[in-house]
Amino acid sequence: MSSWVNAILVAVLLLDLLLSVTSRLSVLIRGFAVQAAGIAFLALLIEGFDSRHAWIVAGGTLALKAVAIPYFLNRAVIRTNARRELEPLVSYGTSLLLAALGVLLAFALAARLPMEARRAGLLIAAAAFATMITGLLLLVTRTKALTEVVGYLVLENGIFLFGLTLLGRMPLLVEMGILLDVFVGAFVMGIVVYNIHRTFDHIDVSALTTLKEDEP
Amino acid sequence: MNPEALALAAPASLLIGAAVSLACGKRSGVAAWVAILATSFAAVLGTASAANVLRSGAGWSIEAAWSLPWATFSVGMDGLSAYFLAFILALAVPAAAYGKGYLAHEGDSRWAGASWAFFQILVASMAVVVLARDGVLFLIAWEGMSVASFFLVIHDHRRPEVRSDALVYLVATHLGAAALAAMFGLWGRGAGSLAFAALQGAPLSRNVAWVLFLLALVGFGSKAGLAPFHVWLPKAHPAAPSHVSALMSGVMIKMGIYGLMRFILMSGPPPAGWGYALLGIGALSAVGGVLYALAQHDLKRLLAYHSVENVGIITMGLGAGLLARTAGLEAVAMAALCGSLLHVLNHGLFKSLLFYSGGAATQAAGTRNMERLGGLLRRMPVTGAAFLAGAAAICALPPFNGFVSEWLIYSGLFNGALQGPGAVSAVLFVTIPLLALVGGLALACFAKASGVVFLGEPRSEEAARCKEVSPWMTVPMVLTALACAGVGLAAPWALRIVAPAARELAGISSNAAWNTSLGAGPLSAVVLAGWMLLIVAGIMLGFRRLLLKGKALSEAPTWGCGYAAPTARMQYTASSFAQPLLEPLSRLMRPSLRKRRPKGIFPERASFSSHYDDPADRTIFDPAITLLERLAGALRPLQQGRLQVYLLYVLLTLVALIAWEVLA
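Listed in order, the protein sequences are those of chains D and W. Counting from 1, one number per residue, gives the positions in the first sequence under my numbering. Counting from 1, one number per residue, gives the positions in the second sequence under my numbering.
For the record, the hints were derived by calculation from the structure and aren't laboratory data. Computed from a predicted model, the values in this text were never measured in an experiment. Errors might be hidden in some of the hints.
[Said to hold, decoys possible] Listing some non-contacts, in silico: residues in chain W with all C-beta distances to chain D over 10 Å:
| id | residue |
| --- | --- |
| 1 | I16 |
| 2 | V162 |
| 3 | R163 |
| 4 | L284 |
| 5 | V382 |
| 6 | P458 |
| 7 | V475 |
| 8 | C561 |
| 9 | A606 |
| 10 | Q644 |
| 11 | L654 |
| 12 | V655 |
| 13 | A659 |
[Unchecked claim] Here are the in silico distance ranges between beta carbons for each label pair:
| id | chain 1 | residue 1 | chain 2 | residue 2 | range |
| --- | --- | --- | --- | --- | --- |
| 14 | D | G93 | W | L631 | 47 to 57 Å |
| 15 | D | N81 | W | A656 | 37 to 47 Å |
| 16 | D | G121 | W | P203 | 50 to 60 Å |
| 17 | D | V188 | W | S592 | 16 to 26 Å |
[Stated by the list, open to error] Examples of chain D residues toward chain W, derived with CB under 10 Å:
| id | residue |
| --- | --- |
| 18 | A100 |
| 19 | G102 |
| 20 | L109 |
| 21 | A111 |
| 22 | M132 |
| 23 | I133 |
| 24 | T141 |
| 25 | R142 |
| 26 | T143 |
| 27 | I159 |
Don't be surprised by glycine CBs; every beta carbon is placed ideally from N, CA and C.
The shape of chain D in the complex, shown without the other chains (with noise of 0.2 Å):
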């Protein structure tokens, strides 16, 4: 069993690359679904397939942030005609130069955290801080609002894989809360996103700063 979740948190360490260099929003849509997917399996795995509380949030996860939520962000990029984040901030070779560094961090940081929060092992730890830090890197680097919202959800992602060290012992009702919110947040986002482009013609955040106090 134990190679088996290995592998997935390689995959899931690999996606993180991927999705630091891409510039396709389908692909970076795409991405986050299997990475989700290869979270909501690990569930399972880890917490053993007769835990009805694993079977719950697992599929919670696959529902929402596999299938409902890559659903509805296709659209918006169908709707919207914004089909490649053309103006990163910094170059996709730099990002995927920052996104490798981060995951050094994070496993230099995994290899400090107490026992306790090891129980599942280094190299989840390790997975679950690259994840993190790579969707700050998307939020932070990236002008799309598009890529933003995608940004803050492989940010999810990866709480929500360090909640999965402490599954056990985290209540059902605030995992299914975590769930519900980023559904309702991703929801809203993607109408937004959608607003924005009927109303500005892009949907380029780099151009909302209107409410910047001017110099006096």
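Position chain W against the provided structure of chain D, taking the given hints into account.
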């Protein structure tokens, strides 16, 4: 009802009144009625409760658990609290009634209900401040007072200068509150609790006691308006509507005095150094306040500087009382402390009166600039007479109340100087001429203010068209003026209200000894002189009437010395009246003068204007604010307005924290 319940019902009824006023929304008249009723009801309850404590001499305190951390709901009343509670609530009633008249011209505005709600919240929180017996409760009430008064100051928020002046007040009051929070924190850390009872028993080392005293001086002094923390007063008082100015200047700044007195009661027998410090800062405020008052053209700003002066006099009395206490002179301490406490009430009365009448005059004329007023006594007889009465009271002229309290302070200073040991005696001897100087300058200042505003000919069209204001405004004025005279003419009785608080501050249990030597005994003789003055004035008036009986009276313009076309602008102005007094001090006061002298035989244009910047602004606060702005400006590039940059800050912080954790 027992006094505890009565005392707590007073702020509670005010808060209920505030909620009802707020619910009135736009209906300004109804909201004002609610405020007047709630304030009067609270005043009846509060004074009944205070009278009980003052009469029996037995204080009380109750304590209840509270869910806030480090806090207990402790309230209590002793002589000091009882005196201040009665003072706050009694003076809030005429302010509310006057406010109804003053705001009537605004009609139903959206702001009306909220404004009256804040008025009642201000009064309620002041009542809680004097009742509180726990640091947290005290600070909450203190903050409620500051915030409510800020919203009252910003009443005319459509005028930009009101907004900026109110902002100065908000910052100043919070700097003071920060000093108080630091004081309570430092004190409570040593005592293990913030309840006043625990703080009172906490042993303080000499240095800690001094640090606490200085923090209290900054915190309470900035509320009281002691120099150099007074800068907000001349800005906030003119900006606020006049009933709010009256309440703030007459009552709210006394909360700073209350705080200082409470601090001294709680910190045990004060060292002589505190007495010297209070005497010094009081003298600075008194002299500085009256000098800058003399230099003002804005009537309400002039009154605000007089608040600085009078708070200075109160603090001088307090300082002298503490010095006499450390020197073991009980009777002298009682005289100075009674004078100081009585001056709190007196200043509240006559400053309210001056703001009522001055506010009515400036509202009727539409300007606060004295150079554009004049001749208002004929047009607004009640307002003018009320202002003159207030001016006589603030100049400490008999038979009004200011005379009595300043007489007591003088009595404390003279007797302390004569009986005290070397250093105390020397310092008090220096203080006496300073106080006399302040009295003389105050007289000059009010001769100027009442002469320029109410006598002579109107200097502008608006002033010429003034009419007497509504009874809502004149009745509170007349009542307050009568109270001013009443306290002055019944001073031995008024002394009994302040004596319990003064005994607590002087640390003595019985006032029999001092009462005959320096207290009610000699005071009755002084009051008798006031009565005599009234009687003589009455006889003279009657005699005048007798002589004029049956003779025709004619009125004619003043002889213009042969000028063919005199104009109202040829009169003495406020600036020219004050000039002989201010000219010798120009090195000290640094006026900014702009003049264009008349040239040639037929001069066309000539002009003169003078402006006096507050030295505390010039030397302390302006440089400090400039420095702060420069530092804050350095941070401005951080605000990019781009989402990604803000998220980058989060990411960088996170990475830095992780790296620190990894490397450490």
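Going down the list of hints, with the structure as the test:
no., hint, in the structure
1, I16, "holds, 40 Å"
2, V162, "holds, 20 Å"
3, R163, "holds, 16 Å"
4, L284, "holds, 36 Å"
5, V382, "holds, 48 Å"
6, P458, "holds, 42 Å"
7, V475, "holds, 48 Å"
8, C561, "holds, 55 Å"
9, A606, "holds, 38 Å"
10, Q644, "violated, 5 Å"
11, L654, "violated, 7 Å"
12, V655, "violated, 7 Å"
13, A659, "violated, 7 Å"
14, D:G93 - W:L631: 47 to 57 Å, "violated, 39 Å"
15, D:N81 - W:A656: 37 to 47 Å, "holds, 39 Å"
16, D:G121 - W:P203: 50 to 60 Å, "holds, 58 Å"
17, D:V188 - W:S592: 16 to 26 Å, "violated, 59 Å"
18, A100, "violated, 14 Å"
19, G102, "holds, 8 Å"
20, L109, "holds, 5 Å"
21, A111, "holds, 8 Å"
22, M132, "holds, 8 Å"
23, I133, "holds, 8 Å"
24, T141, "holds, 7 Å"
25, R142, "holds, 8 Å"
26, T143, "holds, 7 Å"
27, I159, "violated, 13 Å"
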